[in-house]
Amino acid sequence: GESVGLHLPTLSVQEGDNSIINCAYSNSASDYFIWYKQESGKGPQFIIDIRSNMDKRQGQRVTVLLNKTVKHLSLQIAATQPGDSAVYFCAENINTPLVFGKGTRLSVIA
Amino acid sequence: KAGVTQTPRYLIKTRGQQVTLSCSPISGHRSVSWYQQTPGQGLQFLFEYFSETQRNKGNFPGRFSGRQFSNSRSEMNVSTLELGDSALYLCASSLAWQAYGYTFGSGTRLTVV
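Keeping their order, the protein sequence lines are chains U and Z.
Counting from 1, one number per residue, gives the positions in the first sequence under the working numbering.
Counting from 1001, one number per residue, gives the positions in the second sequence under the working numbering.
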């Protein structure tokens, strides 16, 4: 079946800088995407979602961008903080179980 | 309100044994999904239950099974454990089947020795 993948396995950013985590998806019929954050020893935690009829959605310090033309999703974290250090997953949900990418580990350098 | 509760948090079993993991969804959530997470394969879908019926099943052998009770609590069972079954097993609940919005529990860490 089709799957969601991530471009980068690791990302290191300086505290206070902005972080951008990318995700490529292959199912052009996908209509809903979710970003999850997983800290060590915990389950994935919902960050933000976006439906396919939107290009951008903003939350608190986070923004998700969706480019359906190239089937690309990104998560932007503003003013990255040490507490943002975690593994980030994108997932798609279209009348099927969630399909997760492999994840990107974000490390924040103080 | 309480989140998704998974018990036990940690488990060590021997090859060949069987194990049962439990998941209590968020109050009012009627759909429960199970995922296996390993460093090599990432998060892989096991099965989804809604109204005590399995609605979807992932590509796992028959040794993996589950069930859901009338109160929406769910259990998954793995029989004849293999070393490769060592993983973090995650449960997620949602309001309904194929509903948007899944909330995950903290998982059960299973180690098979």
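Calculated directly from the structure, the hints in this document are not laboratory data.
Just so you know, not all the hints are guaranteed correct.
What the hints assert, rightly or not - Examples of chain U residues toward chain Z, derived with CB under 7 angstroms:
#: 1; residue: TYR32
#: 2; residue: LYS42
#: 3; residue: GLY43
#: 4; residue: PRO44
#: 5; residue: PRO97
#: 6; residue: PHE100
#: 7; residue: LYS102
Stated by the list, open to error - Straight-line alpha carbon distances no greater than 20 angstroms define the calculated SDA-like cross-link-like pairs of lysine to any residue that follow:
#: 8; chain 1: U; residue 1: LYS102; chain 2: Z; residue 2: THR1053
#: 9; chain 1: U; residue 1: LYS102; chain 2: Z; residue 2: LEU1088
#: 10; chain 1: U; residue 1: LYS102; chain 2: Z; residue 2: GLY1040
#: 11; chain 1: U; residue 1: LYS71; chain 2: U; residue 2: LYS42
#: 12; chain 1: U; residue 1: LYS42; chain 2: Z; residue 2: GLU1052
To be verified - To give an idea of the chain Z side of the interface with chain U (calculated C-beta under 8 angstroms), a few residues:
#: 13; residue: LEU1090
#: 14; residue: PHE1104
#: 15; residue: GLY1107
#: 16; residue: THR1111
Think of the CB as a built atom: it goes at the ideal place given N, C-alpha and C, for glycine as much as any other residue.
Results for each hint:
no., hint, result
1, TYR32, "holds, 6 angstroms"
2, LYS42, "holds, 5 angstroms"
3, GLY43, "holds, 4 angstroms"
4, PRO44, "holds, 5 angstroms"
5, PRO97, "holds, 4 angstroms"
6, PHE100, "holds, 4 angstroms"
7, LYS102, "holds, 5 angstroms"
8, LYS102/U to THR1053/Z, "violated, 29 angstroms"
9, LYS102/U to LEU1088/Z, "holds, 15 angstroms"
10, LYS102/U to GLY1040/Z, "holds, 9 angstroms"
11, LYS71/U to LYS42/U, "violated, 29 angstroms"
12, LYS42/U to GLU1052/Z, "violated, 27 angstroms"
13, LEU1090, "holds, 5 angstroms"
14, PHE1104, "holds, 4 angstroms"
15, GLY1107, "holds, 5 angstroms"
16, THR1111, "violated, 14 angstroms"
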